[in-house]
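Keeping their order, the protein sequence lines are chains A and B. All residue numbers for the first sequence refer to the working numbering, where the first residue is 1 and numbers rise by one. All residue numbers for the second sequence refer to the working numbering, where the first residue is 112 and numbers rise by one.
Just so you know, these hints were derived from the structure itself, not from any lab. Given the structure is predicted, the values throughout are model-derived calculations rather than measurements. Beta carbons: idealized from backbone N, C-alpha and C, even for Gly. One thing to keep in mind: the hints can contain errors.
[Claimed, not checked] Over 10 Å on every C-beta distance to chain B, these chain A residues come out as not near it, computed from the model:
#1 M10
#2 G15
#3 R16
#4 N19
#5 T26
#6 S41
#7 T56
#8 A60
#9 D67
#10 P76
#11 D82
#12 L99
[As the list claims (entries may be wrong)] Partner residues are not named here, just some residues of chain A that face chain B (Cβ under 8 Å, in silico):
#13 P21
#14 G29
#15 Q42
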Amino acid sequence: DAKTTQPTSMDCAEGRAANLPCNHSTISGNEYVYWYRQIHSQGPQYIIHGLKNNETNEMASLIITEDRKSSTLILPHATLRDTAVYYCIVRVSFGNEKLTFGTGTRLTIIP
Amino acid sequence: NAGVTQTPKFQVLKTGQSMTLQCAQDMNHEYMSWYRQDPGMGLRLIHYSVGAGITDQGEVPNGYNVSRSTTEDFPLRLLSAAPSQTSVYFCASKRSMNTEAFFGQGTRLTVV
């Protein structure tokens, strides 16, 4: 699985959009980009994933650059409950069970 | 719908003791896995299963055994606990290869 690079921490004002970047310059053509988050002391929670097209669901939007070397997770209207560690993971869609969690980005929503 | 249930939530063991961490899911998922998370680190895969009767090793399997006799249950056994196994353990399940994983709430294990 490709290695990812994320900022260690970020702050965002409540009600504003939180934009979390992720670099994955060595991503290969069959690797998906997944985002999970982990709220303190809880199990990780799936947010969204994509291959090359931008994706949106009820939680977030995922913007993947055309060259697929980086992506941005967007939480459109951040709330205090969005304070968590956010993990960007790239993995193949088959043949490999492992989700390689790095150290992620600690996002703090400021009231 | 309970999702993924882990028991116990907390456990303290003495070095050399054995125990089983339980994981059950009620979503009829084929894939189940165990991860450990140490302070300041991401999750690391211990063992996983792609269906009943099938298990395989992950990144850090030493000191742990698993079995998958039913679709619902995937217990993790510590054969002889060591202080290095002090960690938070998460069980996860997913419907198939290319779907999202659902995680349990974790078991916080301390080995003294």
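task = Check each numbered hint from earlier against the structure, then list the numbers of those it violates in ascending order.
result = Violated hints (numbers, rising): 6, 12, 13, 14; every other hint is consistent with the structure.
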